[in-house]
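Engineer: So you can see what is in the structure, the chains are spelled out below.
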Amino acid sequence: MPSLDDLKKRIKSVKSTQKITKAMKMVAAAKLRKAQESAEKGRPYSQKMQNIILNLTKSINDPQNAPKLLVGTGEDKKYLCVVLTADRGLCGGFNSNICKLAKTNFKKIIGERKELNIITVGSKGHDQIKREYGKYVIKKFSFKDKKNISFNEADEVGKEIISLFNQNKFDKCIIFYNNFKNVITQIPQAQQIIPTETKNLKEGNDQNFSYEFEPEEDEILEDLLPKNISTQVFKALLENAASEQGSRMTAMDNATRNAGDLVDKLTIDYNRSRQASITKELIEIISGAESL
Amino acid sequence: MSEIFTVEIISPDQTILKQEANEVTIPSYEGQMGILNNHIPLITFLRPGIITIKTSIEKKFYVEEGTVEFSNNNLLILTSTAKDLANFDKILLNDLLQKAESQLNNKDSTDKDRYVISYKIETLREIIR
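Protein sequences, first through last, are from chains A and B.
Once you know that position 85 of the first sequence is 85 in our numbering, the rest is easy, because the numbers rise by one and skip nothing.
Once you know that position 81 of the second sequence is 81 in our numbering, the rest is easy, because the numbers rise by one and skip nothing.
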């Protein structure tokens with residue numbers, strides 16, 4: 001049985017933890033609104049970009065000569081996986097969910113005896129992945145000191161991917177990130193960005209326009225495809241940022257509630273043992289008086 | 001008025017503009033291009049220059065690069081550098097100009113780069129004037 005003093009100390013410490021989690025929840029809620037807004041604002045750009053590329057792809061008659069970024073190298077041996085996570089913890093299963101999905105994919109790739117390279121973005125993901133797959137990690141990015149993610153950061157990652165591709169380091173590139181569905185639901189996702197996945201794109205505008213191209217298709221594609229890579233990374237980063245805050249908010253909300261429950265329980269314990277000691281003292285006094 | 005079409009300018013972080021227009025002039029890679037209603041479907045990209053959107057009032061945007069798609073009377077401009085000329089900072093402008101000029105003198109730039117940069121300088125000078 002812990003003493004009264006011990007219980008008092010514990011109640012105090014749980015209460016101060018609760019204060020911290022509550023504050024973190026509120027900060028996350030405020031940041032979430034901003035992150036969500038920018039994720040939603042960023043969606044049209046990447047969608048329309050994909051659409052244009054889809055339209056361009058349709059008009060390519062000779063897939064042999066199409067840019068490699070679009071159709072791939074024709075081989076399926078080397079994989080590059082880009083794992084996008086947060087730089088901070090205390091956000092529930094956010095980082096673990098991405099890593100879990102990524103790791104199942106790694107296992108599959110290695111199981112098929114294919115070459116694996118990993119780029120991690122965000123330090124939390126790096127920490128989780130390096131334990132098992134440290135030797136595959138070729139580069140890590142961290143944007144810890146950046147307050148808001150801008151296109152420049154995504155461009156940095158995108159350029160790295162493209163330069164690796166040009167050096168023939170991989171045939172397929174997959175990015176892992178959390179898709180922000182709503183505040184409580186974030187879905188970890190694997191998206192293949194090289195070669196561009198066309199079958200999953202919405203076939204919304206099925207009208208086969210004969211586009212006029214200026215300059216030629218392949219020149220436009222050459223300009224557009226690298227941009228598209230950065231755009232997809234940027235989209236993933238934005239979705240991730242929103243998901244992180246959403247996930248943190250829910251996690252901290254739960255933590256605050258649990259701390260409340262714990263304080264209630266401890267207070268009952270505290271009162272009970274206080275009452276017990278009072279009763280004990282009373283009995284001692286009464287029995288002492290009787291014996292006189 | 002049946003001669004209007006929609007024009008959208010979208011940057012990675014937001015939709016800058018979405019409105020109806022009568023005529024839009026864009027600095028396409030191979031020269032200025034005027035786009036009217038019912039233009040044939042088109043995909044092209046931009047060099048540095050000024051996008052002019054004409055309705056009852058005229059709006060001008062400075063761009064450095066971008067991709068343009070026109071289909072179904074919908075003009076889509078994807079760019080990360082669009083800036084409204086109405087509130088363009090003078091200091092920023094001079095800064096951009098200086099950077100571009102130093103880039104032009106850089107020996108590493110290719111002819112293609114020089115072509116693009118020379119347009120950039122020209123446009124920036126025009127705006128300053």
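Hints listed in this document are in silico derivations from the structure and should not be mistaken for laboratory results.
One or more hints might be untrue.
Claimed, not checked - Pairs of lysine-lysine, DSSO-like flavour, derived with a Cα cap of 27 Å: (1) A:Lys48 <-> B:Lys60; (2) B:Lys99 <-> A:Lys227; (3) A:Lys227 <-> A:Lys22.
Unchecked claim - A few chain A positions that, by computed beta-carbon distances, are all more than 10 Å from chain B: (4) Ser38; (5) Leu56; (6) Ser123; (7) Ser210; (8) Asp223; (9) Thr231.
Cβ atoms here follow ideal geometry from the backbone N, Cα and C, with glycine treated the same way.
Engineer: Is A:Lys48 within 27 Å of B:Lys60, Cα to Cα?
Structural biologist: holds, 23 Å
Engineer: May I ask you to check that A:Ser210 keeps its beta-carbon over 10 Å from the closest beta-carbon of chain B?
Structural biologist: The claim is violated: A:Ser210 sits with its nearest Cβ about 7 Å from chain B, within 10 Å.
Engineer: Hey, is A:Leu56 genuinely clear of chain B, shortest beta carbon separation above 10 Å?
Structural biologist: Given that some Cβ of chain B is not farther than 10 Å from that of A:Leu56, nearest at about 7 Å, it is violated.
Engineer: In terms of Cβ atoms, is chain B entirely out of 10 Å range of A:Asp223?
Structural biologist: violated, 6 Å
Engineer: Could you check that no beta carbon of chain B comes within 10 Å of the beta carbon of A:Ser123?
Structural biologist: holds, 24 Å
Engineer: Should the label of A:Thr231 as a non-interface residue stand, given a Cβ cut-off of 10 Å to chain B?
Structural biologist: violated, 7 Å
Engineer: Does the structure keep A:Lys227 and A:Lys22 at a Cα separation of 27 Å or less?
Structural biologist: violated, 41 Å
Engineer: With a cut-off of 27 Å on the C-alpha distance, tell me whether B:Lys99 and A:Lys227 pass.
Structural biologist: holds, 22 Å
Engineer: Checking a non-interface call: every C-beta of chain B should be farther than 10 Å from the C-beta of A:Ser38. Is that right?
Structural biologist: Answer for A:Ser38: violated, closest chain B Cβ roughly 6 Å.
Consistency note: the structure conflicts with the earlier hints numbered 3, 4, 5, 7, 8, 9.
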